Amino acid sequence: MKLLLAGVVSLIATATCAAEITPEARRSGYDFAAAATRAMQDDDTANPGMLWVLQGETLWGTKAGAAEQSCADCHGDARSSMKGVAARYPAFDLALARPLDLEQRINQCRTAHQRAEALVWESADLSALTAFVAHQSRGLPIAARSDPELGPAIDLGRSLFQRREGQLNLSCSQCHDDNWGKRLAGNVIPQGHPTGFPLYRLEWQSLGSLQRRLRNCMNGVRAEPFEYGAPKAVALELFLMERARGMPIETPAVRP
Amino acid sequence: MARVLLNVPPRAQRGEIVEIKTLIAHPMETGYRLDNTGGSIPRDIISLFVCTYNGEEIFRAELFPAIAANPFLAFFTTATESGEIVFTWTNDHGQTQTETRPITVE
Amino acid sequence: MAEAIRALVAEAPLFHGRVKLELPSIVENGNTVPLTVSVDSPMTEADHVASIHLFNQKNPQPVIAAFYFGPRAGKARVSTRVRLADSQRLVAVAKLNDGSFWSDSADVIVTLAACTEQ
Chain A
838 MKLLLAGVVS LIATATCAAE ITPEARRSGY DFAAAATRAM QDDDTANPGM LWVLQGETLW
898 GTKAGAAEQS CADCHGDARS SMKGVAARYP AFDLALARPL DLEQRINQCR TAHQRAEALV
958 WESADLSALT AFVAHQSRGL PIAARSDPEL GPAIDLGRSL FQRREGQLNL SCSQCHDDNW
1018 GKRLAGNVIP QGHPTGFPLY RLEWQSLGSL QRRLRNCMNG VRAEPFEYGA PKAVALELFL
1078 MERARGMPIE TPAVRP
Chain B
1123 MARVLLNVPP RAQRGEIVEI KTLIAHPMET GYRLDNTGGS IPRDIISLFV CTYNGEEIFR
1183 AELFPAIAAN PFLAFFTTAT ESGEIVFTWT NDHGQTQTET RPITVE
Chain C
6 MAEAIRALVA EAPLFHGRVK LELPSIVENG NTVPLTVSVD SPMTEADHVA SIHLFNQKNP
66 QPVIAAFYFG PRAGKARVST RVRLADSQRL VAVAKLNDGS FWSDSADVIV TLAACTEQ
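Chains as they are written, first to last, in the working numbering: chain A, 838 to 1093; chain B, 1123 to 1228; chain C, 6 to 123.
If you're looking for bench data, these hints aren't it; they were derived computationally from the structure.
As the structure is a prediction and not an experimental result, all values here were calculated from the model.
Glycine is no exception: its CB is placed at the ideal position from the N, C-alpha and C atoms.
It cannot be assumed that every hint is accurate.
Stated by the list, open to error - A partial selection of chain B residues facing chain A, derived with a Cβ cut-off under 8 Å:
hint	residue
1	Arg1125
2	Leu1127
3	Asn1129
4	Arg1133
5	Leu1145
6	Ala1147
7	Phe1186
8	Ala1190
9	Ala1191
10	Asn1192
Please take these sequences and the hints and turn them into a complete structure.
Quick look at the structure:
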C-alpha cells in the first residue's frame, strides 16, 4: 500500500516536471522570430539595439556623481572587465543579502561608489549602460547558478513561473513550457529564455529590460505586474536565467 | 545629438555599387498618440534625410509618421571617387543633425 | 490612398510592373515592419528611376515616404522600417526619368501583439 502511494506521488511529481523543457530541446526566441527580425538582430549596423550599446559606451567613460568617477575609472576597458558578467547575473549580493539583477548592480555602483543618484528603471541611460555591459557577454553561455545562497530565490522564481495568475488564470509555464512553438495571434510562442536582454522589442520601438518584458506578459494574462525591482521580479529573472543556463547571450537581441 | 549607426564601406573599387545603411535614434512621434491624461502627444518626426557624396546629392528621403521609430534607411550608390559622404537629418522644426563618413575608392 | 496616388500621377497611366515591394505577408509586429522596394532599371543617365513613393491604405496618412534617386545610385533599391496600423494594402509607385509611372502593391496582415504595455 505504501509502495503504491509512493508510486502515485512520484507519478504526480513527474507529471509536473514533464512540462519542463529538456536541455536539448531548448531554443532561443531568435529561432521563433521571423526572418526579417532575425536579420535585424544579425546585422550590427542595422540592429536598433546597438544605438543603446553605443550610448552605454559613452556613459561608461563619463564621470558622474560626487565622486567624479566614471565606470571606466574603476573597471577599465569593459570589453575585458565586463566579459562574462551578464552571464552570471542576477547574482547574490552579500551586503544586501539578496539577489540583484544587472540594472540593480549598476545602480548599486552608481550610488555607493560614484555617489550619484540611482538611474530610473527603463530610463535611456540605465537601458544603455545595461545593454553595453550585457553586450560584453554576447556569445558566452549563461552560467549555471552555483551559489547556494541563490537557492531560495530560484525556488521562489520557479514557483512564480508555474503558478496560475491573472484574470486569464494562466501560468508562464502553460505557454512557455507546454505550448511553445504554437501561434498566439501573429506571433509564435517562444520558450521564454532571457538570452538577449536588454533587447529591442518591435512592439516598443525601443530597447527595454527583462522586467519590462515580464510586466508585459503579466498584463497579457491580466495580472497585476510586479513593481520594478521587486524581490519577486528579481527571483523570476533569476529562475529564468537558471532555466536558460548554457544558452548563449545575444544582447542586444531583436524580438517582436 | 542623437545616436547614429552608419555603415559606409570604407574602401570600394571604382564603379562598384555599394550599399549604405543608416540608423538614427529618434522616437518619430506620430502626433496621434494620447498621453495618460488624454491629451495628444505632439508630432515630432524626422521629415527629411539627405545624403551627399563629395557635395553631390545621391539620395533623398521624405519621411512621414508611418516610418517606424529609430528610422532605418538603406540605399545604394556608385563608388566614383574618394571623399566624404555626408548625412543630414532634418526634423519638423527645421533642426538638423549632420554626420560625415570617409570613403576610399581605388 | 487613391487620392494621394492621383496627386502624384495626375492623368498619366499607372503601369503595374518593374517595381517590387517586398515585405512579409503576415507581419510579426505592426509597429516595426521591415520592407524593401526596388525597381528593375539600368540606372543610367538616359534611363533611371527619379523617385519611389510609398502609400498605404489604413494608416491616418496615406503617404509613408518618398525616395529620390539619380543615375549615380547604381541600384534603385531602398530598405526601411514602417508602422502599419492594421491589415491593409501598400502601394509603391516609381516615377522614371521619362515621366512614366510604374507600381507594385502588397497586402499584409497585421495583428496585435499578445503581451503589451497596458
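For the hint on Arg1125 (chain B), does the least C-beta distance to chain A fall short of 8 Å? Cβ of Arg1125 (chain B) sits 4 Å from chain A, so the hint holds.
So, as I understand it, the hint says Ala1147 (chain B) touches chain A; can you test that by seeing if any CB pair is closer than 8 Å? Check passed: Cβ of Ala1147 (chain B) comes within 5 Å of chain A, closer than 8 Å.
Answer holds if the nearest beta-carbon of chain A is closer than 8 Å to that of Phe1186 (chain B); otherwise answer violated. This hint is violated: Phe1186 (chain B) lies away from chain A, its Cβ roughly 16 Å from the closest one there, beyond 8 Å.
Is the interface hint satisfied for Asn1129 (chain B)? The criterion is a beta-carbon contact with chain A at less than 8 Å. holds, 4 Å
With a cut-off of 8 Å, does the beta carbon of Arg1133 (chain B) approach a beta carbon of chain A closely enough for the hint to hold? This interface hint is violated because 16 Å lies over the 8 Å limit.
Using 8 Å as the Cβ threshold, decide whether Leu1127 (chain B) counts as touching chain A. Because about 6 Å separates Leu1127 (chain B) from the closest Cβ in chain A, which is inside the 8 Å limit, the hint holds.
Satisfaction of the Ala1190 (chain B) interface hint, Cβ to chain A closer than 8 Å: With Cβ-Cβ at 6 Å, under 8 Å, it holds.
Satisfaction of the Leu1145 (chain B) interface hint, Cβ to chain A closer than 8 Å: holds, 6 Å
Going by Cβ atoms only, is Asn1192 (chain B) closer than 8 Å to chain A? holds, 4 Å
Hold the hint about Ala1191 (chain B) up to the distance rule: shortest CB distance to chain A must be less than 8 Å. holds, 4 Å
Of the numbered hints listed earlier, those contradicted by the structure are 4 and 7.
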